[in-house]
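Using the hints, position chain B against chain A.
What follows is the residue order along each chain.
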Amino acid sequence: MERFWKLLKSAPPTAIFGLLVIALYVFVALFAPVLAPYGESEIVGPEFLPRGEEGFILGTDNLGRDMLTRLIYGARNTIGIAFVTTCLAFLIGGVFGLVATTLGGWVDQLLGRMVDVLMAIPTLIFALLILTITGTSIPVLIVVIAVLDSTRVFRLARAVSMNIVVLDFVEAARLRGEGTWWIITREILPNSLPPLVAEFGLRFCFVFLFISALSFLGLGIKPPLADWASMVRDMRTLISFADPTPLLPAGAIALLTVGVNFVVDWFLHKTSGIRDEK
Amino acid sequence: MAKILKMVAQRLALGFLTLFVVSLIIFLGVELLPGDLAEAILGQAATPETVAAFRREVGLDLPPHTRYLDWLGGMLQGDFGRSLANQREISGLIGVRFANTLFLAATAAVIAVPLAVSLGVLAALYRNTLFDRAINVVTLTAISFPEFFVGYILILFLAVQANIFPSISNVSADLGFWEHVYRVMLPALTLTLVVVAHMMRMTRAAIINLLASPYIEMAMLKGISRSRIIIHHALPNALAPIINVIVINLAYLVVGVVVVEVVFAYPGLGQYFVDSVIKRDFPVVQACCLIFAATYILLNLTADVLSILSNPRLMHPK
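One line per chain: the protein sequences are A and B, in this order. Going by our numbering, the first residue of the first sequence is number 404, and it counts up by one from there. Going by our numbering, the first residue of the second sequence is number 517, and it counts up by one from there.
Just chain A, same shape as in the assembly:
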């Protein structure tokens, strides 16, 4: 605990800002039903009420739902879905990456070439193609994005574990007759963790922005679920009347990714041991 505080004290202001932002978002996401004044898709008033009128602090949206409530629930849905997707991407990419290095040979070659082809197509284009075929629903969205994103995790996991597989203690474990799975989880994984943790933050940002882009295009999270990017899409006409309300959910997305990026930046500096020389 004491070490933790010491670490926090040594953090640059940007990282502390990032940590605070993340804590705030997690809090809002967890306690959304308690914090929100109305139900998630409850219609409570006339459409497009301006801010502050009739007791709606942020006004109402295009269907007369309370903006503040939608924003609070949006934290839960948008972040939750992005988080699950990132975890799945890490599970797929991490497992295949570690398996590829541990087994080597044709398994490694085959997986490597498959990833090459997947990465040759821009993610957004590929995702749009698949979503045209499968139609959009949340489970499909999560699986598609996780698989597409796992290619990056695969590359990193493979690159990192490549340096560990050749070390003596792995060889020793092999000679002891340990199984592949044991070697992966007990020897290789713990030693390749720091870069993977940093990558988790970056991938989360990417997935989060990616899902937001899809939702903004009308192909991601669908109503009645509250989602920030869809809110921007629904409210975007207000911009031309100089009303900045649609920027609130967009700003909510931006603030979180900025926060996570700041923390990752700090973490990378700490773990990589890179010090900018004077």
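Hints are computed from structural coordinates only; laboratory data are not their basis. For glycine and all other residues, C-beta sits at the position ideal for the given N, C-alpha and C. One thing to keep in mind: the hints can contain errors.
[What the hints assert, rightly or not] Restraint-style ranges between C-beta atoms, simulated for each label pair: (1) A:413 / B:654: 22 to 30 Å; (2) A:588 / B:742: 45 to 53 Å; (3) A:625 / B:688: 45 to 53 Å; (4) B:594 / A:627: 55 to 63 Å.
[What the hints assert, rightly or not] Listed next, the stretches of chain B that the computed footprint assigns to chain A, with coverage defined by at least 3 CB atoms under 8 Å from CB atoms of chain A: (5) 532-546; (6) 782-796; (7) 807-817.
The following block gives chain B in isolation, referenced to the frame of chain A:
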């Protein structure tokens, strides 16, 4: 020299192989549709006769490999088939839009590349000063912003409040060049903000990386000024990675236009693509996918070839 030609040839062959595999994936993706295209389009209510007639009309009764070759052959000759939504020739609808998209991406690149490289050099020059830190924070923030957020902020301030640029980039072929540039300014600026950060950070990193090398130390010991060292000694050697990053970002630009085009209602390929995805207009989606993927792959290929050509160390591999 023969070696380098071989490397480039290998890289090109690999690139075209990738293109081929990608076209196969795009084609097979639609094949995997539950039932087939005819059923998906005509819906549950269609009688078996209508479905069969439709299959014959579109050529769905032929075996897949024949259709793939037909499709690919058509694509290569600029014949993209017909849109399901309005039965019009896709090539006629796509040509102008693709030109618009390239125009937007090119405008953004013309602004972004010089800006990113000079900011990167400046940041390397004034490393660890307030200027460098500020730029670091600003670029990190810019990378984190969703494109539509940047777009709408620009619309709010530059179009609605200050009224400098139009908020909707409505272009048509009869506009003059400068009028065209003026109308795409906001989307181009949005794209610029999104890509500059990455390019600038890589430029800075490439130069700083070189500053640790002995020949730079030698130059410093000779008492040459810092700016001269960076511009005359470090920059030429950092060009290879910088060119690579620039071309990769250009590839990103061509794809990144999709969201920005929707924000500004710009009549480019990206918006057409998204509309077709929503309508599930498969032939158009396939055509757009292929065009975007091909542009992306070809630009990345260019980046690879350029980095082989511009790196003397790659010319003499061990």
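Exercise. Is the hinted range of 45 to 53 Å satisfied by the C-beta distance from residue 625 of chain A to residue 688 of chain B?
Worked result: violated, 34 Å
For this session: Test coverage of the stretch 532-546 of chain B by chain A using CB-CB distances below 8 Å; three residues minimum.
Result: It holds, with 7 qualifying residues against the three required.
For this session: Take the C-beta atom of residue 594 of chain B and the C-beta atom of residue 627 of chain A, compute their distance, and say whether it sits inside 55 to 63 Å.
Result: This hint is violated: roughly 44 Å between Cβ atoms.
Exercise. Has the stretch 807-817 of chain B got at least three residues whose CB is nearer than 8 Å to a CB belonging to chain A?
Worked result: This one holds; 5 residues, not fewer than the three required, reach chain A with a Cβ under 8 Å.
Problem set entry | Supplied distance hint 22 to 30 Å, evaluated on CB atoms of residue 413 of chain A and residue 654 of chain B | holds, 24 Å
Problem set entry | Coverage assertion for the stretch 782-796 of chain B with respect to chain A, Cβ distance below 8 Å, three residues required | holds (count 6)
Problem set entry | Status of the given 45 to 53 Å range, CB of residue 742 of chain B versus CB of residue 588 of chain A | Given a distance of about 50 Å, which is inside 45 to 53 Å, the answer is holds.
Hint check: violations occur at hints 3 and 4; the rest are consistent with the structure.
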